[in-house]
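Using the sequences provided together with the hints, build the complete structure.
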Amino acid sequence: MAALSDDQCKRLMEIRLNQHRLNEMLKRGNFKHFPIHLAFGHEALAFAVSEVMGQEDVLCLTHRNIAYNISRVGDFERILCHFAGNSGDSPAPMGSMNLAFRDVGIYYSSSILGNNLAVAAGIAMNRKNSKTGDAVFVVTGDGALEEGVFWETLIFAKSQNLKLVILIENNNNSMSSSIEQRRCPIDFRKICSSMDIVYKSIDGSKILDTLGVFKEIKKEIVSGTSSVILAEAYIETYCNHAGATPGWDTDSRNISISDGIFINGTKVDPLHNLREEIGVTRFDNIYKQIAYKI
Amino acid sequence: MKKNFSYIEKISNYLDIATQGDEPVFIYGENIDNGSRISGLASNLIGTSTRIIQNVGNCELTHCGIGFGIMIDGGNAVLYVKQLDFVLLGLDQICNTYNYIRAYVDPKFWGSFTIVAIVCDQGYQGAQSSFNNPGDLSSLAGIPVYCLNSGVDIAKVIQSQLIKPGFRIICISQNNFKYIIPEVSTIYTDSDNGIFKYRDGGNVTIVSYNFSLNKAIELSEYLDLQGLGSDVFHVNFIPNLDMGAIIESTKKTQKLIIIDSSRGIIKFGDELLSSQEIRSLQPDALMLTRRGRNNSELQEVSENMVIDNLMVLRFVLGSTIE
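These protein sequences, in sequence, are chains A and B.
Just so we're aligned: the first sequence equals residues 1 to 294 in my numbering.
Just so we're aligned: the second sequence equals residues 1 to 322 in my numbering.
Hints are computed from structural coordinates only; laboratory data are not their basis.
The list that follows gives simulated cross-link-like pairs (lysine to any residue, SDA-like), each with its CA atoms no further than 20 Å apart:
1. Lys131(A) x Arg51(B)
2. Lys108(B) x Ser130(A)
3. Lys164(B) x Asn129(A)
4. Lys108(B) x Asp89(A)
5. Lys128(A) x Ser49(B)
6. Lys131(A) x Glu23(B)
7. Lys197(B) x Pro182(B)
8. Lys128(A) x Pro24(B)
9. Lys108(B) x Gly88(A)
10. Lys131(A) x Ser49(B)
11. Lys206(A) x Arg282(A)
12. Lys108(B) x Asp103(A)
13. Lys158(A) x Glu30(B)
14. Lys128(A) x Thr225(A)
15. Lys158(A) x Asn58(B)
16. Lys108(B) x Ser90(A)
What follows is the structure in structure tokens.
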């Protein structure tokens, strides 16, 4: 796996840094009418998906879409204007849970659990009918996969051999319940094997590994060696469901930009891993170039 | 010799014609190319380079999402559904995804998505499988829902609405499948194909909703025999529809009869009656409906509404006869 360029490292850090900025604004009460679901800990996935997406590829997101939007859009002010109730160049202000910028390939973000899976399959179906080779990426979670639409989409997508990449962000949480607290475990390796669907397991805290897997996925989709691919990424989300939750370990009010880019007390933070992967000196030098935003 | 087509033959012919153009369209549904081909609804469809016919599994919620996905991507999708009840499984997509599209996707990117659904009103099948209130879907999601009643509206609605940017549901009555539908002509049709006027008369305004047009025309013919003329309209379930033609008619007749064969408790006819324009006219009004308020209506009941002609005659004459 080739090392990341400085620009790539910057993009990755900006996903984290801009979430810090948002969190500070949330703590100040800047967005009273917009419950923004932060995604501290999701940065490696958002970065990797964005890196491998081609010009015509499509991404469909969930309510916790902020890391992907920051990664794809680049211009953070463009995102902020929607939280401030301005539409910018879109037909209407999108708020947070439906935030999706079509011009960068994000066609849909849904606040309804599992709802985006079927829509993504429809886009992939249309691309198949149009005989394009474009890939459609759809993000879901370990809670949404309990919805019937997850299984229906899996069956439909495989039956039609759609170029659909389903990314499960497995953070072992649905609102405040862990998997163990709410359901039986599911072995997706076995599920996928039974349906002849390609399965990939990802450690979502490891930047280079995550990027490597997504490069493989894109290659398999483009070459046609795989159609539907299910990627299960194990991650930790370092903030609570949405907004402040006093008394919780993951209360985002306990996260402060004054502590720098990292989040205190985290164990498998993608940013920690990035620093280990590229070295402390290089990390700090790159960080200094963008830290003025703090 | 001109062939008289049955209701279902006419509909399947127009569905065939409307999807033969150069515009690519993806037509899908359970058993769409197998067995009875959805009770004959899809019997004419043959796949071509631009018309893809796809038999799919039993996952209606996902089918609805797929239609919206195709629409978001600028494509055209038509989903055939054997029973209106199945559409209930797709309500999340119909409400939420279409709201998203309407709010945030620039219409220049919109493709078309249409659901063609059969309403199983052909007879008592049990307490389930007899949802016949497509107007409720229109009200819930704020979407156009068309109920095909006559040869004229079959032609106009399918030709103008089946493939058109946006989303709608077109409903078909299974009760009417085998009937040779009368070739009634229209006096007036609005540009949305929301209102069809079939008869002209000065004594009473009759408005049909759902699949009640036959009843409305029968009633009008009965009143004709009594020397009383009626304006007869059929109105589709379209939010924010311009009801000017009906308001003008009511102003003329001062008597308004609404016939609605659906079992929904709240009806579009209620909205018409409570509109400022109608209330200001203070017409005599008669609702001939089923409301579905009681559990007994879930037991074996006739699908056919029975209209008491004498009672209607009394209403039109102002209760002057016995």
